[in-house]
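J.: Place chain H on chain E using the hints.
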Amino acid sequence: MCGIVGLFAKTPEFESQLGHYLTPMLLEMTDRGPDSAGVAVYRNPVPDGQVKLTLLSTAPWFAWQDFENALRYAFPGVTGLWLMGNHAILTAFAASADLAGWIRANYPAVRVNSSGSTIEIYKQKGLPAEVAHNFGVSQFVGTHALAHTRMATESAVTTEHSHPFSTGEDLCLVHNGSLSNHNRLRTQLQKRGIHFTTDNDSEVAAGFLTWRLMEGDSLEAALDRAIVELDGFYTFAIGTRDGFAVLRDPIACKPAVIAETDQWVAMASEYRALAVLPGADQAESWEPAPGRIYSWSH
Amino acid sequence: MVHHFDLAHASTRDLNHALHAFNGTDNDTAWQIKNANGLHNLAVGLDAPLTVDIEGHVGYYCAGMNKFARVTVHGNAGPGVAENMMSGVVRITGSASQYAGATAHGGLLIIEGHASSRCGISMKGVNIVVHGSVGHMSAFMAQSGRLVVCGDAGDALGDSLYEARLYVRGNVAGLGADCVEKVMKDKHKYEVDGLLREAGVSGADAAEFRRFGSARKLYNFNVDNADAY
Numbered sequence: 001m002c003g004i005v006g007l008f009a010k011t012p013e014f015e016s017q018l019g020h021y022l023t024p025m026l027l028e029m030t031d032r033g034p035d036s037a038g039v040a041v042y043r044n045p046v047p048d049g050q051v052k053l054t055l056l057s058t059a060p061w062f063a064w065q066d067f068e069n070a071l072r073y074a075f076p077g078v079t080g081l082w083l084m085g086n087h088a089i090l091t092a093f094a095a096s097a098d099l100a101g102w103i104r105a106n107y108p109a110v111r112v113n114s115s116g117s118t119i120e121i122y123k124q125k126g127l128p129a130e131v132a133h134n135f136g137v138s139q140f141v142g143t144h145a146l147a148h149t150r151m152a153t154e155s156a157v158t159t160e161h162s163h164p165f166s167t168g169e170d171l172c173l174v175h176n177g178s179l180s181n182h183n184r185l186r187t188q189l190q191k192r193g194i195h196f197t198t199d200n201d202s203e204v205a206a207g208f209l210t211w212r213l214m215e216g217d218s219l220e221a222a223l224d225r226a227i228v229e230l231d232g233f234y235t236f237a238i239g240t241r242d243g244f245a246v247l248r249d250p251i252a253c254k255p256a257v258i259a260e261t262d263q264w265v266a267m268a269s270e271y272r273a274l275a276v277l278p279g280a281d282q283a284e285s286w287e288p289a290p291g292r293i294y295s296w297s298h
Numbered sequence: 299m300v301h302h303f304d305l306a307h308a309s310t311r312d313l314n315h316a317l318h319a320f321n322g323t324d325n326d327t328a329w330q331i332k333n334a335n336g337l338h339n340l341a342v343g344l345d346a347p348l349t350v351d352i353e354g355h356v357g358y359y360c361a362g363m364n365k366f367a368r369v370t371v372h373g374n375a376g377p378g379v380a381e382n383m384m385s386g387v388v389r390i391t392g393s394a395s396q397y398a399g400a401t402a403h404g405g406l407l408i409i410e411g412h413a414s415s416r417c418g419i420s421m422k423g424v425n426i427v428v429h430g431s432v433g434h435m436s437a438f439m440a441q442s443g444r445l446v447v448c449g450d451a452g453d454a455l456g457d458s459l460y461e462a463r464l465y466v467r468g469n470v471a472g473l474g475a476d477c478v479e480k481v482m483k484d485k486h487k488y489e490v491d492g493l494l495r496e497a498g499v500s501g502a503d504a505a506e507f508r509r510f511g512s513a514r515k516l517y518n519f520n521v522d523n524a525d526a527y
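Chain order of the listed sequences is E and H.
Using the numbering used here, count along the first sequence one by one with no gaps and you end on 298.
Using the numbering used here, count along the second sequence one by one with no gaps and you end on 527.
Next up, chain E with everything else stripped away, as it sits in the complex (with noise of 0.2 Å):
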């Protein structure tokens, strides 16, 4: 079991306390997953030319300080590295994906959570008050966010397993189910220069979308194939720039509610979670069908 949440504002003023209704809707599946939580918010874009990543230090005590020298050493366009806890965001004028090469190569202790230009990707272990504590969470501004609580069920507990995770640049993926098929699917991806960090299944399913968003396809056409190629059971929540999509598997066994209102849209495993919300007991709420994609834009 794992507890999804994701919210979408409408207007200004909504996006304005985006973090002070977003805590709510993570605690509330706090029962639904324990173990660790995440966070992907769209916000504050960098501008053109730039690019942000978020980064994630695995090891107990490690010297930032040093760490932002060689890199902008090696990197002179690096225009900021801003410290929150264990995590940093990192704004650059160069490609991610030379960013992230350095940084494996140069600190393997440092993830690389997201890139892109408005997304930032906060987890970690522990219950998911801790994690909306520990990133102030509730005082995020921003478009839209999703999170994640995760019960594990298939692999370990620790910050790396635990969701959101990127399926590329201001893209992200959180998950509620389980995959049979990713281990095969993982080494073929491998095969494909898809990189993997976890023995996660979920983070075979990002690997996936990351995969076919290579090749040029859609986000639908990428969830299209994903329908076809994923064994398992799943509702996906799809963080992008502009909004987020929701699909379930076509069993359809993971729940998931969506409800809509002038203000918001917002998803959730349950209703309860989205009870919290703004004019909720009025709002116009459904249960997305199997199969099918849904997805909000700005």
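It should be emphasised that the hints constitute simulated quantities derived from the structure, not laboratory data.
Derived DEER-like restraints, expressed as beta-carbon distance ranges:
#1 45(E) to 314(H): 46 to 54 Å
#2 228(E) to 330(H): 47 to 55 Å
#3 461(H) to 227(E): 31 to 39 Å
#4 191(E) to 315(H): 55 to 63 Å
#5 282(E) to 471(H): 25 to 33 Å
#6 155(E) to 349(H): 46 to 54 Å
#7 1(E) to 330(H): 30 to 38 Å
The structure presented is a predicted model; accordingly, all values stated were derived computationally and were not measured.
Ideal placement from N, C-alpha and C gives every residue a C-beta, glycine not left out.
T.: Frame of chain E, contents of chain H only:
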């Protein structure tokens, strides 16, 4: 006398404890429950002819194992509503999530919106009336009782069906293994008409429904198939 209960100020366990105090009696008190907000396991295990009205959407397993009580949810219901109901009436004014009425033995389950997948899975005698449509795999392994669907039915309706009777007014996306369409006789129209009235369905005529049931080839052992085992 009406009891008022506000879930904003008390727990699910408090509510069920209060309702269970009447179990085994013929007390018919009315209860008004506020602030359901998607909570799970509301009004489960009732065993008295109480009238329970729940305001708002409910989470998993509402009114499970119900006996004698009339439970109305003024909103949508999460997965497993009225699971294993024995008798009484459970009415959902909105839509219900998956496996509504699963394994229910008796009583009447009314869903005024739509029901999603696996509605009436393994039903064992309950009557289920859905004003809207039902999702895929509905009435899977249904043993007895009646499922009346005023809208459409999803794929694999009545897969591995035993002796439940299924009535659908709209389109059926597909029939499951061993489920076949059967002749709608007057006695079946009479049966549907009675259930529509009981469930407060207006604007639907029993004559518009089609009947589906078991071909009885799957669950009766056929000696000609012995080699297959």
